[in-house]
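2 protein chains.
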Amino acid sequence: MQIKICLYGFGNVGREFARVLAAKGPYLKARHRIDAKVFAIVTSTGGVVEPRGFSERELSERSRLAHLSSQEGFREGDPEDLSKWILPWIDGAGPTVIVDATWSDLDTGEPGLSRLLKATAMGCHIVTLSKAPLVADFYGLVEAARRHSVQLKFSGATAAGLPTIDTIRVSLAGAEVQSIEGILNSTTNYILTAMSDEGLSYEDALQRTRAMGLAESDPERDVTGIDTACKVLILANAAMNARKRLSDVRITGITGITRRQIATWAMEGRSVKLVGKAALVGDDVRIEVAPAPLPHRDFFAQVREDAKAVRFTTDLFGELVMAGGAGGLTAAAGSALRDLVNLAELFRHRQGGR
Amino acid sequence: MQIKICLYGFGNVGREFARVLAAKGPYLKARHRIDAKVFAIVTSTGGVVEPRGFSERELSERSRLAHLSSQEGFREGDPEDLSKWILPWIDGAGPTVIVDATWSDLDTGEPGLSRLLKATAMGCHIVTLSKAPLVADFYGLVEAARRHSVQLKFSGATAAGLPTIDTIRVSLAGAEVQSIEGILNSTTNYILTAMSDEGLSYEDALQRTRAMGLAESDPERDVTGIDTACKVLILANAAMNARKRLSDVRITGITGITRRQIATWAMEGRSVKLVGKAALVGDDVRIEVAPAPLPHRDFFAQVREDAKAVRFTTDLFGELVMAGGAGGLTAAAGSALRDLVNLAELFRHRQGGR
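Going down the list, the protein sequences come from chains A and B. 1 is the number of the first residue of the first sequence in the working numbering; add one for each residue after it. 1 is the number of the first residue of the second sequence in the working numbering; add one for each residue after it.
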């Protein structure tokens, strides 16, 4: 089965996705009988379209070259003009997928939200690593996907290397989710670990994460707790039908944490972690993000550096905890690949192929 | 969508499945638009058939009554005669599923293996909590399911409450599994924890697990490491195309562990856990089960009592660990329910329904 991809975004994550897709080409064909090809790459100023799809070699090369706008075949144009970037090569033979690895405004979801809505109307399935459209209008996107009979995948927007949404959707299918809580942001967990274990100041620890290039591009969203809030909001809306907005989430970040506080907690046998939590309270879902000084025996207290973790509590399976160390670009790219494979397998079943 | 179920086995697990299915009826209808009904219950001496399907109330009642053979409508007969128990009510409208919660021989997989193969030929999907058929002929069952276009689900046979196979299949889709290792047996983990933390002898700890009724019915399979070996073998065959048999697994159980050894390890800062592991070594997959004295900082060393845990190492996502405390009957029943829901959702997509 051929999957045709329009890749939006060619920064760190978009390029890593291209590199991973090219490298995993043979595996996807052999293991899943999937031939996933990128037919267009679009950035904020224009894009490159390849009507036959980029070969693995070319895709891999382009991921290593300088800015897309200086690459061969680049045409300036409005990135939101899908007639330019997708229409020329979309067909009904196999699934067409838009992979979105761009930035959008958290309040409006734009420009990503309108783009994705338009794409569903064109019959494109969605794989989004971008959170903002999902934060701004989760149910609108779900409804658009339903109406146009396309799939909406977003594991890359809900902790990527740590497979949260798929765990809820499949591994906990049939169970009712009572709460979701997690350490969902790599940057802040790294900062807090460095402050605890090495006695670094907040500023020095933050500086180090910049130097390390941890995946989230805007450290403001990380340290203010907004990134965590977005992820837990999306999960609560998806898994618990919370029907909440970002403004419903009580958010406290880590910017006010001092070395003195950390030392005091340490004497109490506690480690502070930035925890996002969505919990059923009666018929309502309460969502909150805050630093939590946890006793050392708490599983979360052991989750260190750039690792992330999540705990699901359900009626049938009690508490299920997961933790993953992969917090970088490869895991982000891998999450888009995971979504593509799952999307393709479902598409295949729909066609009647086994 | 109506799912018609033939339930094989009405011991602890089968009854709990019936109870949970009845209790979750309204949720399944509201959340998944699934009407899952049991049409027959079959045990080793015969069964009960209800051509219109048991109501939730009746199913719930039967799960609380004495042995099936003393219940209303019971007919003696060969449990393997599917013409008696399934043929009268199977139709093509929705999926028909055999839920197998019975015991079978580990070497031959019988009587379960032949039963499941026959069932696939009749167009029944398979949800098995029983490991033996999968241990005896995994690839035969996979091929039979493929040939007859039915699904083969077995999360209840691969650690139930801890969702291993679904994590690999969906959450790690696109990634190549390099190793799978886990604490996969509740009984032995409980014994080892009690020996460590409370200084119990092996015999006293084993006795306590019997009194607690931990789900695995035959403690021999637990303490010899065979239960763990079965689970990791099934996972290795399913996820790594290992092509191995139970005889290929090197197995050491916990029966030889003494309190003195445990005390020595404790002085070294180690906790012993029964670990099953499948790892890629070149082109081959090596599978082994053995007690492992782990340093306290190892995640597995913190997994206590009847909890289970697993660690997946893949090319894209590094190490992903999961741990769940639910080791009892409800989680076992829940795993069959999880499989049913996932099966139904896939069936629905196949029919073109969104």
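A hint or two may mislead.
What the hints assert, rightly or not - Derived DSSO-like pairs: lysine-lysine, alpha-carbon spacing no greater than 30 Å straight-line:
hint: 1; chain 1: B; residue 1: Lys244; chain 2: B; residue 2: Lys277
hint: 2; chain 1: A; residue 1: Lys277; chain 2: A; residue 2: Lys244
hint: 3; chain 1: B; residue 1: Lys29; chain 2: A; residue 2: Lys244
hint: 4; chain 1: A; residue 1: Lys84; chain 2: A; residue 2: Lys37
hint: 5; chain 1: A; residue 1: Lys84; chain 2: A; residue 2: Lys277
hint: 6; chain 1: A; residue 1: Lys118; chain 2: A; residue 2: Lys84
hint: 7; chain 1: B; residue 1: Lys84; chain 2: B; residue 2: Lys37
hint: 8; chain 1: B; residue 1: Lys29; chain 2: A; residue 2: Lys277
hint: 9; chain 1: A; residue 1: Lys29; chain 2: B; residue 2: Lys84
hint: 10; chain 1: B; residue 1: Lys37; chain 2: B; residue 2: Lys118
hint: 11; chain 1: A; residue 1: Lys29; chain 2: B; residue 2: Lys37
hint: 12; chain 1: B; residue 1: Lys244; chain 2: B; residue 2: Lys84
To be verified - Here are the in silico distance ranges between beta carbons for each label pair:
hint: 13; chain 1: B; residue 1: Thr45; chain 2: A; residue 2: Lys29; range: 22 to 30 Å
hint: 14; chain 1: A; residue 1: Gly269; chain 2: B; residue 2: Arg245; range: 42 to 50 Å
hint: 15; chain 1: A; residue 1: Asp197; chain 2: B; residue 2: Thr264; range: 26 to 34 Å
hint: 16; chain 1: B; residue 1: Asp35; chain 2: A; residue 2: Arg250; range: 35 to 43 Å
hint: 17; chain 1: B; residue 1: Val142; chain 2: A; residue 2: Gln2; range: 22 to 30 Å
hint: 18; chain 1: A; residue 1: Ala121; chain 2: B; residue 2: Leu87; range: 30 to 38 Å
hint: 19; chain 1: A; residue 1: Gly269; chain 2: B; residue 2: Gln207; range: 56 to 64 Å
hint: 20; chain 1: B; residue 1: Gly92; chain 2: A; residue 2: Gly73; range: 29 to 37 Å
hint: 21; chain 1: B; residue 1: Leu87; chain 2: A; residue 2: Arg250; range: 53 to 61 Å
hint: 22; chain 1: B; residue 1: Val281; chain 2: A; residue 2: Asn12; range: 27 to 35 Å
Unchecked claim - From the derived model, a few chain A residues whose C-beta atoms are all more than 10 Å from chain B:
hint: 23; residue: Arg33
hint: 24; residue: Lys37
hint: 25; residue: Gly282
hint: 26; residue: Ala331
Quick caveat, the hints were computed from the structure, so don't treat them as lab data. Where a beta carbon is used, it is the ideal one built from N, C-alpha and C, also for glycine.
Handout entry: Hint numbers contradicted by this structure
Key = 5, 9, 11, 12, 13, 18, 19, 20 and 26
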